[in-house]
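*Asks:* Sequence:
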Amino acid sequence: MSSVLTRQYERDIGIYALDSNPMIAQVGKMAEQLLWQINWKSSRDNLVSTIYFNVVRLVSYVEYGLTFDLQKEKEELEETISKAS
1 MSSVLTRQYE RDIGIYALDS NPMIAQVGKM AEQLLWQINW KSSRDNLVST IYFNVVRLVS
61 YVEYGLTFDL QKEKEELEET ISKAS
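Residue 68 in my numbering sits at position 68 of the sequence shown, with consecutive numbering throughout.
Hints were generated in silico from the structure; no laboratory data involved. Where a beta carbon is used, it is the ideal one built from N, C-alpha and C, also for glycine. Honestly, I wouldn't trust all of these hints.
Ranges between beta-carbon positions, derived for each pair [unchecked claim]:
{"hint": "1", "residue 1": "64", "residue 2": "40", "range": "30 to 40 Å"}
{"hint": "2", "residue 1": "11", "residue 2": "61", "range": "13 to 23 Å"}
{"hint": "3", "residue 1": "45", "residue 2": "15", "range": "18 to 28 Å"}
{"hint": "4", "residue 1": "71", "residue 2": "21", "range": "12 to 22 Å"}
Derived EDC-like pairs: lysine to aspartate or glutamate, alpha-carbon spacing no greater than 16 Å straight-line [what the hints assert, rightly or not]:
{"hint": "5", "residue 1": "41", "residue 2": "79"}
{"hint": "6", "residue 1": "41", "residue 2": "78"}
{"hint": "7", "residue 1": "72", "residue 2": "10"}
{"hint": "8", "residue 1": "29", "residue 2": "12"}
{"hint": "9", "residue 1": "83", "residue 2": "45"}
{"hint": "10", "residue 1": "29", "residue 2": "75"}
{"hint": "11", "residue 1": "41", "residue 2": "73"}
{"hint": "12", "residue 1": "29", "residue 2": "10"}
{"hint": "13", "residue 1": "83", "residue 2": "19"}
{"hint": "14", "residue 1": "74", "residue 2": "32"}
{"hint": "15", "residue 1": "83", "residue 2": "69"}
Based on the sequences and whatever the hints tell you, model everything.
*Replies:* Structure follows, in C-alpha coordinates:
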(Lines of atoms letter the chains of each structure in order from A and count residues from 1; the text may use other names and numbers.)
(Lines give C-alpha, C1' and ligand atoms only; values in the text may rest on other atoms or scores of the structure.)
Protein backbone atom coordinates (compact mmCIF):
# COMPACT_ATOMS: atom_id res chain seq x y z
CA MET A 1 0.00 0.00 0.00
CA SER A 2 1.31 3.43 -0.75
CA SER A 3 2.36 5.66 2.09
CA VAL A 4 0.08 8.37 0.64
CA LEU A 5 -2.93 6.13 1.21
CA THR A 6 -1.67 5.22 4.69
CA ARG A 7 -1.42 8.91 5.60
CA GLN A 8 -4.94 9.51 4.26
CA TYR A 9 -6.29 6.67 6.42
CA GLU A 10 -4.51 8.14 9.45
CA ARG A 11 -6.01 11.59 8.74
CA ASP A 12 -9.47 10.09 8.34
CA ILE A 13 -9.12 8.28 11.67
CA GLY A 14 -8.18 11.60 13.27
CA ILE A 15 -11.29 13.20 11.77
CA TYR A 16 -13.45 10.42 13.21
CA ALA A 17 -11.85 11.04 16.62
CA LEU A 18 -13.09 14.65 16.46
CA ASP A 19 -16.60 13.81 15.25
CA SER A 20 -19.52 15.52 16.96
CA ASN A 21 -21.21 12.14 17.50
CA PRO A 22 -19.67 10.88 20.76
CA MET A 23 -19.80 7.23 19.72
CA ILE A 24 -18.03 7.89 16.41
CA ALA A 25 -15.46 10.00 18.27
CA GLN A 26 -14.91 7.13 20.70
CA VAL A 27 -14.27 4.74 17.80
CA GLY A 28 -11.82 7.22 16.26
CA LYS A 29 -9.96 7.72 19.54
CA MET A 30 -9.68 3.97 20.02
CA ALA A 31 -8.16 3.72 16.54
CA GLU A 32 -5.72 6.55 17.28
CA GLN A 33 -4.51 4.64 20.35
CA LEU A 34 -4.01 1.54 18.22
CA LEU A 35 -1.99 3.52 15.67
CA TRP A 36 0.53 4.32 18.41
CA GLN A 37 1.02 0.58 19.00
CA ILE A 38 2.11 -0.09 15.42
CA ASN A 39 4.78 2.57 14.86
CA TRP A 40 7.61 0.03 14.96
CA LYS A 41 5.92 -2.74 12.97
CA SER A 42 7.31 -3.56 9.53
CA SER A 43 3.78 -4.34 8.35
CA ARG A 44 2.57 -0.91 9.48
CA ASP A 45 0.84 0.04 6.20
CA ASN A 46 -1.23 -3.15 6.25
CA LEU A 47 -2.11 -2.64 9.91
CA VAL A 48 -3.20 0.95 9.30
CA SER A 49 -5.45 -0.35 6.54
CA THR A 50 -6.89 -3.04 8.82
CA ILE A 51 -7.57 -0.52 11.59
CA TYR A 52 -9.08 1.97 9.13
CA PHE A 53 -11.51 -0.48 7.56
CA ASN A 54 -12.62 -1.68 10.99
CA VAL A 55 -13.23 1.94 11.99
CA VAL A 56 -15.30 2.51 8.84
CA ARG A 57 -17.33 -0.61 9.66
CA LEU A 58 -17.94 0.52 13.25
CA VAL A 59 -18.86 4.04 12.16
CA SER A 60 -21.41 2.51 9.79
CA TYR A 61 -22.83 0.54 12.71
CA VAL A 62 -23.22 3.78 14.67
CA GLU A 63 -24.84 5.56 11.73
CA TYR A 64 -27.36 2.73 11.29
CA GLY A 65 -28.10 2.52 15.01
CA LEU A 66 -26.53 -0.90 15.45
CA THR A 67 -24.74 -1.86 18.65
CA PHE A 68 -21.32 -3.38 19.21
CA ASP A 69 -18.86 -3.98 22.01
CA LEU A 70 -16.07 -1.43 21.48
CA GLN A 71 -13.80 -3.11 24.03
CA LYS A 72 -14.14 -6.45 22.23
CA GLU A 73 -13.45 -4.79 18.87
CA LYS A 74 -10.34 -3.16 20.34
CA GLU A 75 -9.12 -6.44 21.81
CA GLU A 76 -9.54 -8.19 18.46
CA LEU A 77 -7.52 -5.47 16.71
CA GLU A 78 -4.85 -5.62 19.43
CA GLU A 79 -4.60 -9.37 18.85
CA THR A 80 -4.12 -8.77 15.13
CA ILE A 81 -1.44 -6.19 15.91
CA SER A 82 0.38 -8.52 18.30
CA LYS A 83 0.57 -11.23 15.62
CA ALA A 84 2.00 -8.86 12.99
CA SER A 85 5.71 -8.44 12.39
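*Asks:* Are the Cα atoms of residue 29 and residue 75 separated by 16 Å or less?
*Replies:* holds, 14 Å
*Asks:* Starting from the range 18 to 28 Å, see whether the pair residue 45 and residue 15 falls in it by beta-carbon distance.
*Replies:* Cβ of residue 45 to Cβ of residue 15: about 19 Å, so the range 18 to 28 Å holds.
*Asks:* With respect to the beta-carbon atoms only, verify the hint that residue 64 and residue 40 lie 30 to 40 Å apart.
*Replies:* Given about 36 Å between the Cβ atoms, the range holds.
*Asks:* Residue 29 and residue 10: Cα distance at most 16 Å?
*Replies:* Holds, at roughly 11 Å.
*Asks:* Taking 16 Å as the top limit, are the C-alpha atoms of residue 41 and residue 78 close enough?
*Replies:* It holds: about 13 Å lies between the C-alpha atoms, which stays within 16 Å.
*Asks:* Is residue 83 close enough to residue 19, meaning Cα to Cα at most 16 Å?
*Replies:* Distance of about 30 Å is beyond 16 Å: violated.
*Asks:* Do the alpha carbons of residue 29 and residue 12 lie within 16 Å of each other, as the hint requires?
*Replies:* Holds, because 11 Å separates the two Cα atoms, which is no more than 16 Å.
*Asks:* Would the pair residue 41 and residue 79 pass a check requiring their Cα atoms to be no farther apart than 16 Å?
*Replies:* Measuring from Cα to Cα gives roughly 14 Å; hence the hint holds.
*Asks:* For the pair supplied as a hint, residue 83 and residue 69, is the alpha-carbon distance within the 16 Å limit?
*Replies:* With a Cα-Cα distance of about 22 Å, the restraint between residue 83 and residue 69 is violated, given a limit of 16 Å.
*Asks:* For the pair supplied as a hint, residue 83 and residue 45, is the alpha-carbon distance within the 16 Å limit?
*Replies:* Given that 16 Å is the threshold and the Cα spacing comes to 15 Å, the pair holds.
*Asks:* Assess, step by step, whether the Cα of residue 74 is no farther than 16 Å from the Cα of residue 32, and give holds or violated.
*Replies:* holds, 11 Å
*Asks:* When you check the alpha-carbon spacing of residue 72 and residue 10, does it fall within 16 Å?
*Replies:* Judged against 16 Å, a Cα distance of about 22 Å means the pair is violated.
Of the numbered hints stated above, those contradicted by the structure are hints 7, 11, 13 and 15, listed in ascending order.
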